[in-house]
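S.K.: Below, each chain spelled out in residue letters.
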Amino acid sequence: MKHIVKILSLLLAVSAFWIGLLQAAIIHPGYNTWLLPIYFVVSLGCYGLLMVGLGLMQFPTCPQEALLLQHDIAEAKDFFKHKGVDVGSD
Amino acid sequence: MAEEKERKGEKKYKYSVIVPTYNERLNIALIVYLIFKHLRDVDFEIIVVDDGSPDGTQEIVKQLQDLYGEDRILLRARAKKLGLGTAYIHGLKHATGDFVVIMDADLSHHPKYLPSFIKKQLETNASIVTGTRYVKGGGVHGWNLMRKLTSRGANVLAQTLLWPGVFDLTGSFRLYKKSVLEDVISSCVSKGYVFQMEMIVRATRKGYHIEEVPITFVDRVFGTSKLGGSEIVEYLKGLVYLLLTT
Numbered sequence: 001m002k003h004i005v006k007i008l009s010l011l012l013a014v015s016a017f018w019i020g021l022l023q024a025a026i027i028h029p030g031y032n033t034w035l036l037p038i039y040f041v042v043s044l045g046c047y048g049l050l051m052v053g054l055g056l057m058q059f060p061t062c063p064q065e066a067l068l069l070q071h072d073i074a075e076a077k078d079f080f081k082h083k084g085v086d087v088g089s090d
Numbered sequence: 001m002a003e004e005k006e007r008k009g010e011k012k013y014k015y016s017v018i019v020p021t022y023n024e025r026l027n028i029a030l031i032v033y034l035i036f037k038h039l040r041d042v043d044f045e046i047i048v049v050d051d052g053s054p055d056g057t058q059e060i061v062k063q064l065q066d067l068y069g070e071d072r073i074l075l076r077a078r079a080k081k082l083g084l085g086t087a088y089i090h091g092l093k094h095a096t097g098d099f100v101v102i103m104d105a106d107l108s109h110h111p112k113y114l115p116s117f118i119k120k121q122l123e124t125n126a127s128i129v130t131g132t133r134y135v136k137g138g139g140v141h142g143w144n145l146m147r148k149l150t151s152r153g154a155n156v157l158a159q160t161l162l163w164p165g166v167f168d169l170t171g172s173f174r175l176y177k178k179s180v181l182e183d184v185i186s187s188c189v190s191k192g193y194v195f196q197m198e199m200i201v202r203a204t205r206k207g208y209h210i211e212e213v214p215i216t217f218v219d220r221v222f223g224t225s226k227l228g229g230s231e232i233v234e235y236l237k238g239l240v241y242l243l244l245t246t
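First to last, the sequence lines map onto chains A and B.
With this note's numbering, the residue at position 37 of the first sequence is 37, and numbering never jumps.
With this note's numbering, the residue at position 50 of the second sequence is 50, and numbering never jumps.
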């Protein structure tokens, strides 16, 4: 099943459930009925922003790795110099 | 446990490391040195797919062949720049290993992580082991705030829409069972960043067992952010394409 179909089915199922609740008069139709889809979109947006914000705050950085790499590069260059391989200086 | 089996003399696997290059004269030498340094007791070959670099990358590779042996370093050049996806397919044709590792030549992927890829695969018998930057033990160096923001935004978007089952979709440091790579790559059509994403999403959909290991990513090309407006548009198009076709 294509992924878009999966997502749409999920949305459809949620909508059907909501309409079912309304039909069965478990929830009284009113203001909330029409605002629900808007709430849904807004909360999805908030979730996205929150996740991006959290991701940025906890973004793992590794400055020490850059130093280690410089060390490895120097080591490799030294090795090739002894072996007579001209790797250039850039 | 898997390591014990290895020592007891069960089948030793061979690994093919495919490195696509374009003007990586210095870096290819460094990466070869580091691969040999970190994979001491492993049977492997390095396949360099060079797209006609004008800077003499191939000359260096030939010197490396003299040093390490032509059976360890294979030069499989192409006449001109033909893109990353086809470079992997080209390299794959010449791979004799049971497993294939693909990595970038610019040293943003450090060969010191190769043993952890191999170990993870042996422990879990995964079909794919992918390097993840966004978990504990992983990380990125050399990105400005804007680059981090686009990266996080792209990731959240893809996670929400595609449910890919891995943390890092656009990373390109991965180990594949050879047959799995052949299978997945043949159904991929995208280019650039989207190609890496398509590979992992299609593999997830096909039900392959995917594991992740933390890696660090050191971006040494400061100031030349590869993510401009057109790349973002390409990414979004790729996302929609994957939504509709996978």
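Hints in this document: simulated from the structure, not taken from any laboratory.
A portion of the hints provided could be inaccurate.
Covered, in the sense of this in silico footprint (three residues per stretch, anywhere, with C-beta under 8 Å from a C-beta of chain B), are these stretches of chain A [stated by the list, open to error]:
1. 8-16
2. 60-68
The calculated DMTMM-like cross-link candidates involving lysine to aspartate or glutamate, where the alpha carbons are at most 25 Å apart (straight line), are [stated by the list, open to error]:
3. Lys119/B to Glu65/A
4. Lys77/A to Glu45/B
5. Lys83/A to Asp183/B
6. Lys83/A to Asp41/B
7. Lys77/A to Asp41/B
8. Lys120/B to Glu59/B
9. Lys14/B to Asp41/B
10. Lys62/B to Glu65/A
11. Lys81/B to Asp72/A
12. Lys81/A to Glu234/B
13. Lys77/A to Asp183/B
14. Lys77/A to Glu211/B
15. Lys83/A to Asp106/B
16. Lys81/A to Asp71/B
17. Lys6/A to Asp219/B
18. Lys62/B to Asp72/A
19. Lys62/B to Glu123/B
20. Lys37/B to Asp86/A
21. Lys80/B to Asp51/B
22. Lys81/B to Asp55/B
23. Lys77/A to Glu59/B
24. Lys120/B to Asp43/B
25. Lys2/A to Glu211/B
26. Lys2/A to Glu234/B
27. Lys81/A to Asp66/B
28. Lys6/A to Asp183/B
29. Lys136/B to Asp86/A
30. Lys148/B to Glu65/A
31. Lys77/A to Asp219/B
32. Lys37/B to Glu75/A
Note that the coordinates shown come from a computational prediction; the quantities given were computed from them, not determined experimentally.
Every residue gets a Cβ at the ideal spot worked out from N, C-alpha and C, and that includes glycine.
S.K.: Now tell me, hint by hint, if it's right for this structure.
M.R.: Consistency of the hints with the structure:
1. 8-16: Answer violated; 0 residues pass the 8 Å Cβ test.
2. 60-68: Holds: 6 residues of the region 60-68 of chain A have a Cβ under 8 Å from chain B.
3. Lys119/B to Glu65/A: 22 Å, holds
4. Lys77/A to Glu45/B: Holds, because 21 Å separates the two Cα atoms, which is no more than 25 Å.
5. Lys83/A to Asp183/B: 41 Å, violated
6. Lys83/A to Asp41/B: At roughly 22 Å apart (the allowed maximum being 25 Å), aspartate 41/B and lysine 83/A satisfy the hint.
7. Lys77/A to Asp41/B: 23 Å, holds
8. Lys120/B to Glu59/B: 35 Å, violated
9. Lys14/B to Asp41/B: 11 Å, holds
10. Lys62/B to Glu65/A: Between lysine 62/B and glutamate 65/A the Cα gap is close to 30 Å, so the pair fails against 25 Å, i.e. violated.
11. Lys81/B to Asp72/A: At roughly 29 Å apart (the allowed maximum being 25 Å), aspartate 72/A and lysine 81/B break the hint.
12. Lys81/A to Glu234/B: Roughly 43 Å between the alpha carbons, so the hint for lysine 81/A and glutamate 234/B is violated.
13. Lys77/A to Asp183/B: The given pair, whose Cα atoms are some 38 Å apart, is violated under the 25 Å limit.
14. Lys77/A to Glu211/B: 34 Å, violated
15. Lys83/A to Asp106/B: 22 Å, holds
16. Lys81/A to Asp71/B: Given pair lysine 81/A, aspartate 71/B holds - Cα atoms ~23 Å apart, limit 25 Å.
17. Lys6/A to Asp219/B: Judged against 25 Å, a Cα distance of about 37 Å means the pair is violated.
18. Lys62/B to Asp72/A: Holds, because 22 Å separates the two Cα atoms, which is no more than 25 Å.
19. Lys62/B to Glu123/B: It is violated: about 36 Å lies between the C-alpha atoms, which goes past 25 Å.
20. Lys37/B to Asp86/A: Holds - the C-alpha atoms of aspartate 86/A and lysine 37/B are around 19 Å apart, at most 25 Å.
21. Lys80/B to Asp51/B: This hinted pair holds, its Cα atoms lying about 5 Å apart.
22. Lys81/B to Asp55/B: Roughly 13 Å separates the two Cα atoms, so the pair holds.
23. Lys77/A to Glu59/B: Holds: lysine 77/A and glutamate 59/B sit about 17 Å apart, inside 25 Å.
24. Lys120/B to Asp43/B: Roughly 17 Å separates the two Cα atoms, so the pair holds.
25. Lys2/A to Glu211/B: 23 Å, holds
26. Lys2/A to Glu234/B: 21 Å, holds
27. Lys81/A to Asp66/B: 15 Å, holds
28. Lys6/A to Asp183/B: 24 Å, holds
29. Lys136/B to Asp86/A: 38 Å, violated
30. Lys148/B to Glu65/A: This hinted pair holds, its Cα atoms lying about 18 Å apart.
31. Lys77/A to Asp219/B: With Cα atoms ~20 Å apart, lysine 77/A and aspartate 219/B stay inside 25 Å; holds.
32. Lys37/B to Glu75/A: 11 Å, holds
Comparing the model with each earlier hint shows violations of hints 1, 5, 8, 10, 11, 12, 13, 14, 17, 19 and 29; every other hint is respected.
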